[in-house]
Amino acid sequence: MAHIHLPDGVFSLQWVIIWWALALAVLAIALLVARRQTFTTQRLTTAALLAAVSFSISQVNIPFAGGVHMNLTPLIGILAGPAIGSLIVLIVNILSAAIGHGGWGLIGANTIVNVSEVVSAYYLFYYATRRFELFTRGAVAAFGGLLVGNVLSVLIIVISGIQGSTLSGSALLVFTLQVPLLNLVVAVGEAILTGFVVEYLGKVRRDLLALRDLAGD
Amino acid sequence: MIDVKWQYLILAAVFIAAIALSLWTATRVDMRDIEQSLTNVSEEGHEGVIEGGNVPLYIGIVVALFFIAIAAIVYLSKYR
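Each protein sequence line maps, in turn, to chains A and B. Take the first sequence: its position 8, counted from the start at 1, is 8 in the numbering used here, and no numbers get skipped. Take the second sequence: its position 43, counted from the start at 1, is 1043 in the numbering used here, and no numbers get skipped.
So that you can see chain A by itself, here it is in the shape it has in the complex (with noise of 0.2 Å):
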């Protein structure tokens, strides 16, 4: 859901060097976190779906102040795992950018701003929630993974500045603040779809949600 829709030439090419840099640290630690790890069919094939699903479902506008979209990065925090959730996220990206959603530009932002919802909602999941009941898991993962990447888009923007902009440093913020407020209520829905999604999955197929024994992440 976070996601900065800014086309090119909002940042400067400095912003967008160094965005784009910090994404690929970030996608290389992946690579390698990936080479660790088994792979089977089985997750190669959800990994495949889920970019699909997200990139499908953020394409889709949602009719609320002014349009907001979901995209489903807790889900593959949740069933992909940061590593190879990292990856999808990339390709979510090009392929929205291909398509005019976010500029080419923007590609490393938005990259690093899904990848901090794939690991936070990864964690929440597996760690910090686990005495909890599984459709609260996945809401509280999802709510909160959604939550970080909206405060980490903000930052971003707010870091780099906007080219030819009268807004800048904490008139910025608070200006762009008002964005993780309007996408509350896709948190708060997307929150809600990820719970069902996971507590179904819990009582068909209990061993996607094995990914913290499976990936060793």
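If you're looking for bench data, these hints aren't it; they were derived computationally from the structure. Cβ atoms here follow ideal geometry from the backbone N, Cα and C, with glycine treated the same way. Mixed in with the good hints there might be a few duds.
What the hints assert, rightly or not - Per label pair, the in silico range of CB-to-CB distance: (1) A:V204 <-> B:V1074: 16 to 26 Å; (2) B:I1059 <-> A:S170: 16 to 26 Å; (3) B:R1032 <-> A:Q37: 41 to 51 Å; (4) A:F196 <-> B:F1066: 19 to 29 Å; (5) B:A1017 <-> A:L155: 15 to 25 Å; (6) A:G9 <-> B:V1074: 38 to 48 Å.
As the list claims (entries may be wrong) - Partial selection, computed: residues in chain B whose CB lies under 8 Å from chain A: (7) I1002; (8) Q1007; (9) L1011; (10) I1019; (11) A1026; (12) M1031; (13) R1032; (14) I1034; (15) T1039; (16) V1063; (17) L1065.
The hints should help you fit chain B onto chain A, whose structure is shown.
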């Protein structure tokens, strides 16, 4: 483990508060205002999610998902 009833009650309270905060914000500003203020993008050139009515792309997404699903099912049934 916290009782399930309390888990749901706390979740409901947090979600209701979040929705209320979001709706209150939506009465003051919307995403288009924010994006246009930051980028000077015209209303027609709104960058972001697909606006309602982009039927060909929706059909494309559904068709693509259909073939991906078939491929996944065949792949899973063969190698699982």
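Evaluated hints:
1. A:V204 <-> B:V1074: 16 to 26 Å: The hinted range 16 to 26 Å holds for A:V204 and B:V1074, with Cβ atoms some 21 Å apart.
2. B:I1059 <-> A:S170: 16 to 26 Å: violated (46 Å)
3. B:R1032 <-> A:Q37: 41 to 51 Å: Hint holds: Cβ distance 42 Å, inside 41 to 51 Å.
4. A:F196 <-> B:F1066: 19 to 29 Å: holds (23 Å)
5. B:A1017 <-> A:L155: 15 to 25 Å: Since the Cβ atoms of B:A1017 and A:L155 sit about 23 Å apart, the hinted range of 15 to 25 Å holds.
6. A:G9 <-> B:V1074: 38 to 48 Å: For A:G9 and B:V1074 the Cβ distance comes to about 44 Å; the hint holds.
7. I1002: Check passed: Cβ of B:I1002 comes within 7 Å of chain A, closer than 8 Å.
8. Q1007: Nearest chain A Cβ about 4 Å off; hint holds.
9. L1011: Cβ of B:L1011 sits 6 Å from chain A, so the hint holds.
10. I1019: Result: holds, 6 Å to nearest chain A Cβ.
11. A1026: holds (4 Å)
12. M1031: holds (4 Å)
13. R1032: With Cβ-Cβ at 4 Å, under 8 Å, it holds.
14. I1034: This hint holds: B:I1034 lies near chain A, its Cβ roughly 6 Å from the closest one there, short of 8 Å.
15. T1039: holds (6 Å)
16. V1063: Because about 11 Å separates B:V1063 from the closest Cβ in chain A, which is outside the 8 Å limit, the hint is violated.
17. L1065: Cβ of B:L1065 sits 6 Å from chain A, so the hint holds.
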